[in-house]
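Asker: One-letter residues, chain by chain:
Number of protein chains: 4
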Amino acid sequence: MKVMVDVSIVPLGVGLSLSKYVAECEKVFSTFDIKTHLHPYGTILEGEWDEVFAAIKKCHEVLHEIGVPRITASLRVGTRTDKSQTMEDKLASVKDKLNSA
Amino acid sequence: MKVMVDVSIVPLGVGLSLSKYVAECEKVFSTFDIKTHLHPYGTILEGEWDEVFAAIKKCHEVLHEIGVPRITASLRVGTRTDKSQTMEDKLASVKDKLNSA
Amino acid sequence: MKVMVDVSIVPLGVGLSLSKYVAECEKVFSTFDIKTHLHPYGTILEGEWDEVFAAIKKCHEVLHEIGVPRITASLRVGTRTDKSQTMEDKLASVKDKLNSA
Amino acid sequence: MKVMVDVSIVPLGVGLSLSKYVAECEKVFSTFDIKTHLHPYGTILEGEWDEVFAAIKKCHEVLHEIGVPRITASLRVGTRTDKSQTMEDKLASVKDKLNSA
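Residue numbers (my numbering), protein chains in the order written: chain H, 802 to 902; chain F, 802 to 902; chain C, 802 to 902; chain Z, 802 to 902.
Heads up, some of the hints might be wrong.
The list cannot tell twin chains apart, which means a pair is met if one copy fits it or any two copies do.
[Said to hold, decoys possible] Computed cross-link-like contacts, PhoX-like style, restricted to lysine-lysine with a CA-CA straight-line distance of at most 20 Å:
| no. | residue 1 | residue 2 |
| --- | --- | --- |
| 1 | 803 | 891 |
| 2 | 821 | 891 |
| 3 | 859 | 891 |
| 4 | 859 | 803 |
| 5 | 858 | 884 |
| 6 | 821 | 858 |
| 7 | 884 | 821 |
| 8 | 803 | 836 |
| 9 | 803 | 858 |
| 10 | 828 | 891 |
| 11 | 821 | 896 |
None of these hints come from the bench; they were simulated from the model.
I would like the entire structure built from these sequences, with the hints used as guidance.
Answerer: What follows is the structure, encoded as structure tokens:
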């Protein structure tokens, strides 16, 4: 089962600057067999369910190892059986509608 | 690693009444070794990371099997290493603050 | 337009114990003409759109006033025109399906 | 109060192709005094609180007017008083950390 996940990781107890921790997770994600897209409020992951969630679990584990005592993450998780759709497809589909308007 | 996940499952392409599908996932969740709490906009799952995410994966799989072509879910995922905290603890902590105000 | 919002407020830069701030927002919410339901990972608000979002804005403002420098909140926002449905209705609908299974 | 909101709109009861409706909301957003950034799982809005939430309300209203009977949206809402930070700033901050690694 393929999945697309938009994840926003929020480390708690480490002050106000979170970009260091987001960058750590980007590095973690890059070691998995998934596609990623960083945006200003999160990262979109695309791939097989088990691989994507292994990446997210590893991100939590690594942040805890480097001293983050608490994490809350918000995820949007999409699966579909009617067709295969990549993140590029999703974006292109909206832009097509906008351009043809 | 323990985790608390608040999950709201949204089946697409099956009309407006979603409670049937939420109930299917509740049944799925009850077969896993996790604690669950149903609320009006989702379900909170508590347990070991792998068990909780196996339950969520199974919920997606079962919904697709019974004919849901597309699912989007919104998840809040909490992990912490500073202390162990159950969902009852979290709720009690807020209510204590309210009662002592 | 009626709306149901499930909001989880996460104050940043104030340590690991967040219940004090959640309680502050509960007090704020109680001053608005809305229904609320506290659960272990957030609070569900129900009422007219403008009133509900005025309450959420006030919660952000009050937390900043008492010293929270940064807030990230996750919201689920539901509107519908096919029928009126309260949070009790939503919960009862799922429980009915579970009991009749 | 400035706010950054990452919003993912999910129309229910209108089939599986949602891009038409996302495009409608993009058009709505473009009529408000806010900055927007479309990504594969949502749109990020940046501006004054009242203007950003007026845009989101209008998006719900317009979708209902064109026949969407039910909507659930997932929002991430960020406010901060410690400094002003645009969505470009947020992205650049993570990329800096990645490049200096």
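Asker: Hints first: check each against the structure and report whether it holds.
Answerer: Verification of the supplied hints:
1. 803 with 891: Within one copy only: 15 Å inside, 29 Å across.
2. 821 with 891: So residue 821 and residue 891 pass the 20 Å test across copies only (11 Å; inside, 29 Å).
3. 859 with 891: neither (27 Å within a copy, 23 Å between copies)
4. 859 with 803: Close inside one copy (19 Å) and across copies (13 Å); limit 20 Å.
5. 858 with 884: between (27 Å within a copy, 19 Å between copies)
6. 821 with 858: within (18 Å within a copy, 29 Å between copies)
7. 884 with 821: Between copies only: 17 Å across, 37 Å inside.
8. 803 with 836: within (12 Å within a copy, 27 Å between copies)
9. 803 with 858: both (17 Å within a copy, 11 Å between copies)
10. 828 with 891: between (25 Å within a copy, 17 Å between copies)
11. 821 with 896: Answer is between; shortest inter-copy Cα gap is 10 Å, intra-copy 32 Å.
In the structure shown, a violation is registered for the earlier hint numbered 3 alone.
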